[in-house]
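Please model the complete structure; the sequences and the hints are all you need to start from.
Residue-level listing of the chains:
There are 2 protein chains.
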Amino acid sequence: MRLMSLLVCSLIASATLPAIAADEKVDLALVNKIRDEGTNRSKIMETLSVLTDEIGPRLTGAPGLRKAGDWTKSQLASWGLQNAQTVSIAPFGRSWELEKSSMRMVAPSTLELVAIPKAWTPGTDGVKRGKVVYAKLETEEDLAKWKGKLKGVILLRDPAAATKLHTTPDAKRYTDDELHELENMELGAATGRPPMDMADIAKRLAFAKKINPYLTEEGVIATVNASRGEDGTIFVQGGGSYKAGEPTGPAALVMTAEHYNRVFRLIEKKKDVEVEVEVAVKFGDEDPANSLNVFAEIPGTDKKDEIVMLGGHLDSWHAGTGATDNAAGVAVAMEAVRMLKAIGFKPRRTIRIALWGGEEQGLLGSRDFISKNVAARPESTDPKEKDLPSFMRRPTGPLALKPLHGKISAYFNLDNGGGKIRGIYAENNAAAKAIFDAWLAPFHDLGAKTSTMKKTGSTDHVSFDAVGVPGFQFIQEPMDYFTRTHHTNIDVFDKIQKGDMMQAAMIMASFVAHTANRDEMFPRKPMAPEPAAR
Amino acid sequence: MRLMSLLVCSLIASATLPAIAADEKVDLALVNKIRDEGTNRSKIMETLSVLTDEIGPRLTGAPGLRKAGDWTKSQLASWGLQNAQTVSIAPFGRSWELEKSSMRMVAPSTLELVAIPKAWTPGTDGVKRGKVVYAKLETEEDLAKWKGKLKGVILLRDPAAATKLHTTPDAKRYTDDELHELENMELGAATGRPPMDMADIAKRLAFAKKINPYLTEEGVIATVNASRGEDGTIFVQGGGSYKAGEPTGPAALVMTAEHYNRVFRLIEKKKDVEVEVEVAVKFGDEDPANSLNVFAEIPGTDKKDEIVMLGGHLDSWHAGTGATDNAAGVAVAMEAVRMLKAIGFKPRRTIRIALWGGEEQGLLGSRDFISKNVAARPESTDPKEKDLPSFMRRPTGPLALKPLHGKISAYFNLDNGGGKIRGIYAENNAAAKAIFDAWLAPFHDLGAKTSTMKKTGSTDHVSFDAVGVPGFQFIQEPMDYFTRTHHTNIDVFDKIQKGDMMQAAMIMASFVAHTANRDEMFPRKPMAPEPAAR
Chain A
1 MRLMSLLVCS LIASATLPAI AADEKVDLAL VNKIRDEGTN RSKIMETLSV
51 LTDEIGPRLT GAPGLRKAGD WTKSQLASWG LQNAQTVSIA PFGRSWELEK
101 SSMRMVAPST LELVAIPKAW TPGTDGVKRG KVVYAKLETE EDLAKWKGKL
151 KGVILLRDPA AATKLHTTPD AKRYTDDELH ELENMELGAA TGRPPMDMAD
201 IAKRLAFAKK INPYLTEEGV IATVNASRGE DGTIFVQGGG SYKAGEPTGP
251 AALVMTAEHY NRVFRLIEKK KDVEVEVEVA VKFGDEDPAN SLNVFAEIPG
301 TDKKDEIVML GGHLDSWHAG TGATDNAAGV AVAMEAVRML KAIGFKPRRT
351 IRIALWGGEE QGLLGSRDFI SKNVAARPES TDPKEKDLPS FMRRPTGPLA
401 LKPLHGKISA YFNLDNGGGK IRGIYAENNA AAKAIFDAWL APFHDLGAKT
451 STMKKTGSTD HVSFDAVGVP GFQFIQEPMD YFTRTHHTNI DVFDKIQKGD
501 MMQAAMIMAS FVAHTANRDE MFPRKPMAPE PAAR
Chain B
1 MRLMSLLVCS LIASATLPAI AADEKVDLAL VNKIRDEGTN RSKIMETLSV
51 LTDEIGPRLT GAPGLRKAGD WTKSQLASWG LQNAQTVSIA PFGRSWELEK
101 SSMRMVAPST LELVAIPKAW TPGTDGVKRG KVVYAKLETE EDLAKWKGKL
151 KGVILLRDPA AATKLHTTPD AKRYTDDELH ELENMELGAA TGRPPMDMAD
201 IAKRLAFAKK INPYLTEEGV IATVNASRGE DGTIFVQGGG SYKAGEPTGP
251 AALVMTAEHY NRVFRLIEKK KDVEVEVEVA VKFGDEDPAN SLNVFAEIPG
301 TDKKDEIVML GGHLDSWHAG TGATDNAAGV AVAMEAVRML KAIGFKPRRT
351 IRIALWGGEE QGLLGSRDFI SKNVAARPES TDPKEKDLPS FMRRPTGPLA
401 LKPLHGKISA YFNLDNGGGK IRGIYAENNA AAKAIFDAWL APFHDLGAKT
451 STMKKTGSTD HVSFDAVGVP GFQFIQEPMD YFTRTHHTNI DVFDKIQKGD
501 MMQAAMIMAS FVAHTANRDE MFPRKPMAPE PAAR
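Protein chains in written order, with UniProt numbering: chain A, 1 to 534; chain B, 1 to 534.
Source of the hints: derived by calculation from the structure; they are not laboratory data.
Accuracy of the hints is not assured; some may be wrong.
Treat identical chains as interchangeable: a pair holds within one or across any two.
As the list claims (entries may be wrong) - In silico DSS-like pairs for lysine-lysine, Cα to Cα no more than 25 angstroms straight-line:
hint: 1; residue 1: LYS386; residue 2: LYS210
hint: 2; residue 1: LYS25; residue 2: LYS304
hint: 3; residue 1: LYS131; residue 2: LYS100
hint: 4; residue 1: LYS164; residue 2: LYS149
hint: 5; residue 1: LYS164; residue 2: LYS498
Following this line, the structure appears as structure tokens:
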């Protein structure tokens, strides 16, 4: 078999030479054009600046995401893409926007506290001042113990945060040794990021549903969690609930670690600490136009009913401007198709860019696309299952394939920050790995030479992989993604490196173009066995 | 001469062995007691927590400094020190406290801007909202060009800040190579930190005096500078003026770099950017009790009229809690004398701890002490000279020595952050260097082994050195002092490392005790020639 021979060739070569799959075609003339366009006429930083500086945060369900959808759609159309459209992924939930937030310690001395509210938590209805109390609220007994004692307080929800002396750099690039390690599989070991602890999440969700009404009823002014971010950086996501009618609890903020710790230590010393807080938010009813995916196409020629897809997610968290998470991926995918149009590339298969909404709430946009067009399982009728976030629900029956299942050749995703591409995760697809090795060859000089059989998780390619359609995520430089920008108030334009983005767009463009023009569809791995129902 | 022989001995030994001055006495029994007390019964982090967490910022002229003065005085007395007292260094200027500060972009989208007002700038008189304008205001022509165009605006004063990918660690410790380099002098080269550009400072001060009334008259709501701090960190000092009657201009804030840059880029793109700002401050008339030095003594025995001094500065900037700058130095000096009392040390000379006020405004506290007690030059009567900050004024006549000039054996200062001591600057005093080499020997295992002939500047030992009294500053680990904490909103307790502080206090205690018990006064270097008058 051709694919087997590619694999063998790759395996033999990999010890000493870059693994080139000898019979996988690489169109170096095409690569030349892409590298020329991407080097000399790049528009990627302009795209990024509009998404981040101008449009700002793009929280799913809120007007910022609609604005981003409208702009990206029209921008893609202006570059000559066809069928540019937004597609609602509603029902999602309430619209939420942060209008104002400030918090300061006013006694025993003043400190402007760097703190930001969690999404979907309410405002304080003006400036409120309260005594600060720390209460561990993790069990029913805790709730009983504190009953009647929390009226008008600012409630610390965490013990002191662990802070450290930063003797390692915030930002790093992969070393050759680290990339080499990434290439090697250890069977039986966990691959990619550790899986989420579903039981723990379910338990927290269940307790959160109890605790929010409790806190409201007790008259707590606001709650504060300690961020693992230091130096004024805050990692903050959602709280309360985006589902209409669900209790949100009081205003809930997250604070940079050292400031939190100062307040916490004073409480521990039995000092009277007072904090003034003002949070204003805008909750709105669901507007289906605020939760969406964006699509646009470069139509194919002789194989135009087959599709190669690429994308990133358009939605972001609210505290920064979602620059590395994931305006970067959106801009890279947009620049890739812009370049392919600009160089006059005529794909055999149709190229479809997808900019997803709702990724941060559980890959909602890509799952919506997959379930409507590619493959789906029956909806659960069990109320307990429906209560869980969609990504946690157990399968309810066999996968029903839909028309596009056999037509999507592959999907390429970029969602690991603002660093350049160092390679790609082949998701346990040996045939894919061999092809990638060939396609990476003309980008070795730009630092991209690693393919790994490993799987990686946590973003939209997973939705494709889960139904047996080849979906891939690139390996990117770690940079300061998990130390400074991922879901933080500092995830803004300055955290993006121009050269890295230019490189990523070229590689994305080349991978997509080569997938579009292969003689055959992209090879698939065996479907995963049907998981057991609950 | 004994001192010469010490020096020769030191020079011969220094190439291969730790330089031990063979005939400089080191009391290892005393060192043992200090190390035992400092290791097993340290109180330094408790002292630091009171200074930072409880008392908070200690801006000169403001109640925080008085509070710190009262507490340190009574704490030193409670440890058995004598003559604990605060001494006013008034006239200083107005009292200023930050009560409230928040700033957010409200259009084209919302971003909570991490920004803090400069000290001695006014509030905004409630919440104000204005269009953001960038104007370069550096010359008279600039002022004329913008006249009438700045009413009700939020004014950006800087171009975009340079931000970078943080591929080097924020915090570092000295390597052996770096310490070795620090040991070597290059004659003719600048030593220590580069000197301040006095002409530039004078020019800025002169223009600032023009610009503040201009900005007020034009009706600017607030000005914003870009901080060199990133990730939510802000470096911020003073603005306006602490001198009663001088114009302050409007509210003046400093913003973390990436947030500033987002606003700046939008302006460059001709977007309408609106910012909402609220700053409330408390200006007060001068209260002499708010600008002070603190002193306390362990009286000497047979040489009690001679004095060895140690200290750090008690005042701080306002945005954080002045933890590394310089609660660290204060706590180290306090812990040093606490330990000497606790172990029952009976000094021959009197040990006097000094905690200075007004250091940040030009070593005001130590200069006040020196000019009143040690040596002084006549006050200038030239109004142009009086207009300059005191540290910039040219000498007006010969130095007149006062009673303590011949009585202060040496002064030891610690004011380079929260890191441990790696050695000491000998300030071009070869005799001192040889003695220090001997005294450092029992602390080599704790990382302190470097003495250098180099001078260092920018803190209170300079006031002593300037009049010919031996004044020294220790070499400390760089840590994240100049990257994260020095004059920032993140200069708080968590940035201090306990083990480092314990070590520094032991070495400070040992140096002071050995200075107190030497047979002779500490050797002096030749007096600097009288500088030319202007």
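The hints, checked one at a time:
{"no.": "1", "hint": "LYS386 - LYS210", "result": "within (18 angstroms within a copy, 67 angstroms between copies)"}
{"no.": "2", "hint": "LYS25 - LYS304", "result": "within (20 angstroms within a copy, 91 angstroms between copies)"}
{"no.": "3", "hint": "LYS131 - LYS100", "result": "both (21 angstroms within a copy, 17 angstroms between copies)"}
{"no.": "4", "hint": "LYS164 - LYS149", "result": "neither (34 angstroms within a copy, 47 angstroms between copies)"}
{"no.": "5", "hint": "LYS164 - LYS498", "result": "between (30 angstroms within a copy, 12 angstroms between copies)"}
Violation of the numbered hints given earlier is confined to hint 4; every other hint is satisfied by the structure.
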